[in-house]
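Going down the list, the sequences are from chains A and B.
Residue numbering for the first sequence follows my numbering, beginning at 316 and increasing consecutively.
Residue numbering for the second sequence follows my numbering, beginning at 69 and increasing consecutively.
Quick caveat, the hints were computed from the structure, so don't treat them as lab data.
Here the structure is a predicted model, which is why all the values come from computation and not from measurement.
Treat the hints with care, since some could be wrong.
What the hints assert, rightly or not - Stretch by stretch, here's where chain B covers chain A in the computed footprint (C-beta under 8 Å, at least three residues):
#1 321-334
#2 342-351
#3 422-436
What the hints assert, rightly or not - Restraint-style ranges between C-beta atoms, simulated for each label pair:
#4 A:T417 / B:H402: 24 to 34 Å
#5 B:D679 / A:K338: 48 to 58 Å
#6 B:E105 / A:R357: 25 to 35 Å
Built from N, CA and C at the ideal position, the CB exists for glycine as well.
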Amino acid sequence: MKLLTHNMLSCHIKGVQNGFPFKIDPVKVQEVDADYDPDFLRHIFPRLEWKALCEAAATMGAPGLPEEVTEEMLQDDEFLRSFHHALLELVLEEGALICPETGRQFPVHKGVPNLLLNEDEN
Amino acid sequence: MRLCPQELGDRILAAKYADVKEEKEVEEQPVYLDAQECAIPGLELHQSFVSEEVEQELLAEVEDGCWETLARRRVQHFGYRFEYWARNVDINKPIRPLPPTAQRVLQRLEQLLGVQFDQLTVNEYNPGVGLSSHIDTHSAFTGPIVSLSLAGPCVMELRRGGVHRPLHLPPRSLLVLAGEARLAWHHYIPHRRADTIGGRRVPRASRRVSFTFRKVRGYPCDCSWPECCDSQGGGMPPTRMSLAVQAGAPQPSTAAATMPAHTGCMGVEPQRLQQPSAEQHGIEACNGESASGSQPEAEQQRSTAGSSCVPRAPEASLSALELSGSAVDQSDEHLERMEARYVHNVYDIIATHFSATRFAIWPKVKAFLQSLPPGAMLADVGCGNGKYFGVRPDIAVLGSDRSPNLAETAARRLRPTATAAVPGPLARCDVGVADGLHLPYRSGALDAVVCIAVLHHIASAARRVRLLAELARVLRPGGRALVTVWASQQEEPAKLAKWEPIPSTTGDQEGVQRGDYFVPWHIPLHRVEAAAAAARTVAASQAYSTDRPDLSRGTPNGAVQHSPTESLNSTGECKSVSSAGADDAAKSATQPGVAGVLSTAEGAFADGRIDRAKGTVVFKRYYHLFDEHELDSLVLQVPGVCITDSFYDKSNWCVVYQKAPQTL
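Using the sequences and the accompanying hints, generate a full structural model.
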């Protein structure tokens with residue numbers, strides 16, 4: 316699971332008000348190579364919750380993303396590369412996603428989060 | 069040319085005269101060095117797939133083997149013998165196993181492609197010798213076909229219609245032909261002594277030896293290229309040898325003619341190939357889904373709505389809804405059990421086989437994806453094996469599937485292997501296990517959603533509306549969803565007759581047909597999945613009947629097949645199993661998800677049974693087939709969306725709806 320995905324996920328247990336963002340319990344993080352595409356990053360940026368991405372990246376061992384992003388930074392190659400790395404190249408292989416409200420853990424195994432709910436959570 | 073009825077038994081004698089020709093100029097056609105440049109879906113070329121040492125070992129293993137001499141090249145077969153006269157294999161006649169080094173290559177191929185290849189053909193080409201243009205018989209082999217080039221290089225041309233794509237195959241490279249490249253493109257090696265590569269004339273080496281790995285099929289192909297598919301009556305002209313066989317001439321025995329007497333060539337004696345029986349041919353396309361596979365542009369599209377964002381009121385909406393049971397909706401618990409048993413569990417069991425048949429990209433889905441802006445966030449709800457991942461490399465795709473095992477087939481695409489990185493277009497895709505009725509995405513986060521062939525597995529109208537509303541919830545204002553479902557109006561009505569209608573079980577509508585069916589999924593007994601699936605079925609059914617004796621009460625009439633009393637041993641023969649045997653078999657099954665099936669909260673089993681006549685393990689899947697306007701009428705019950713397109717495409721009803729541009 317990439318942090319791009321993490322940024323879109325929210326705990327969907329019935330009654331949960333603040334299910335975003337999931338806390339990450341990283342047991343195994345893998346770094347992969349993804350094709351660097353600045354245009355993709357500029358296009359996807361408005362869809363992201365930046366603060367959540369910064370925190371998640373730090374949890375996954377890649378701290379140092381700036382707290383605020385300006386228009387100029389989206390033209391800056393050095394920034395875009397660190398953004399790219401955090402968004403697409405850090406993969407949570409094993410671990411868990413933890414609901415910030417209830418503490419419920421959803422396992423991530425072989426890179427795949429299992430977000431199925433129990434019967435009483437629907 | 070003239071007929072010689074007496075001397076040749078009505079066969080035709082043709083004599084050709086050859087003119088002495090100057091050696092032809094090598095054609096100055098640009099040769100691709102990279103498979104991606106060929107832009108053929110399913111084509112891959114892995115450079116330096118094996119080391120020079122492994123190359124030498126592979127060559128040494130076959131050097132003194134039992135070569136058969138064909139017209140212009142020598143061949144050896146392992147695993148199964150390929151019969152050139154029938155262009156097919158006899159799955160009942162396995163021959164000698166692959167040599168040890170080739171076995172190791174086989175294991176790497178399994179890691180790379182997730183396919184357990186079981187047939188190897190070694191071809192030796194002398195300089196100037198090529199391969200005539202052909203598509204490997206669809207019914208003979210399933211999955212991709214891969215070919216390892218050793219010793220010398222060649223240029224292989226891929227051809228479809230008037231398009232030619234020459235590709236350079238250097239020594240030790242691995243060519244992968246999958247999907248369209250395998251099923252719809254001819255491949256061909258020109259007969260010539262030199263190729264022009266990058267403007268330079270490169271002579272062919274003293275010889276080239278190819279190791280071609282394939283997986284035998286043994287059941288009809290239901291691909292989306294019927295014109296190239298022998299299972300679907302299309303494609304290949306008969307071979308000269310097959311005509312001779314049909315005419316009663318003795319079978320050729322190429323192997324015997326060239327078999328050295330002193331070597332112990334076990335298993336390569338000429339074997340009779342069983343002609344596929346009428347029954348085998350009669351197996352319905354084993355998925356019942358060929359009509360919904362990818363099709364050429366739909367000539368039948370009927371657009372019933374413009375692109376303006378104005379909700380319409382379909383005339384038939386009320387009656388369709390009544391028929392589909394929303395007025396007297398059954399309890400959700402029962403419906404969830406129905407879906408767990410006849411959808412989730414079945415897909416978990418059939419996942420790898422199902423995935424192996426899913427690669428066609430539907431043009432209508434592709435068109436929708438192409439309409440999205442760059443950098444869009446897309447959810448693929450019910451993504452199956454993720455075949456739409458990477459169609460648009462410049463968007464992000466969040467795939468999800470309710471079946472963990474199906475999600476796993478998609479996840480495999482996203483993992484680098486020992487030999488290959490994840491292809492670039494997949495770098496922005498991910499997959500999770502999630503229920504479409506409870507999507508784990510934040511509201512308003514996504515630009516678009518596709519939900520392809522999923523909604524028809526949801527067991528009531530109210531739940532279908534909930535799924536459609538859940539898709540709308542995760543869309544941003546102005547975001548669009550594409551939903552497709554199977555139509556009652558199947559283009560092959562004969563198919564419908566083979567499906568098992570499910571009568572309504574609710575009080576006042578008892579016995580009324582609501583468009584619900586059980587649609588079979590057949591796993592041929594020779595597939596690796598079959599034995600595991602059968603064992604699991606037996607074990608699960610025993611757990612089911614012991615633990616939950618009351619569970620069958622709520623199921624529709626006639627829907628329960630309680631006693632699958634047969635399992636399979638490793639050679640594919642049926643045997644009855646004791647309870648303990650089933651447990652052992654289930655434990656030893658290599659498929660993932662065994663525990664998942666047995667430990668589902670429902671304790672439900674997947675109603676698998678063995679169909680001896682067809683030679684398959686067959687499972688039932690729950691489907692609700694949609695009438696015209698029925699899908700639209702459900703969308704109209706979702707607040708805050710409007711329909712922007714609605715059409716019929718190749719046995720499917722399809723709708724595109726948009727979330728209102730202003731936040732509500």
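Review point. Count the residues of the stretch 321-334 of chain A with a beta-carbon closer than 8 Å to any beta-carbon of chain B: does the count reach three?
Key: holds (count 6)
Check your understanding: In terms of beta carbon proximity below 8 Å, does the stretch 422-436 of chain A have 3 or more residues touching chain B?
Key -> holds (count 9)
Practice item. Starting from the range 48 to 58 Å, see whether the pair D679 (chain B) and K338 (chain A) falls in it by beta-carbon distance. Key: Check passed, 49 Å falls within 48 to 58 Å.
Review point. Counting residues of the stretch 342-351 of chain A whose CB is closer than 8 Å to a CB in chain B, do you get three or more?
Key: holds (count 4)
Review point. Do E105 (chain B) and R357 (chain A) keep their Cβ atoms within the hinted range of 25 to 35 Å?
Key: holds (27 Å)
Practice item. Could you tell me whether the CB distance from T417 (chain A) to H402 (chain B) stays inside 24 to 34 Å? Key: holds (28 Å)
When each numbered hint is compared with the structure, no violation occurs for any of them.
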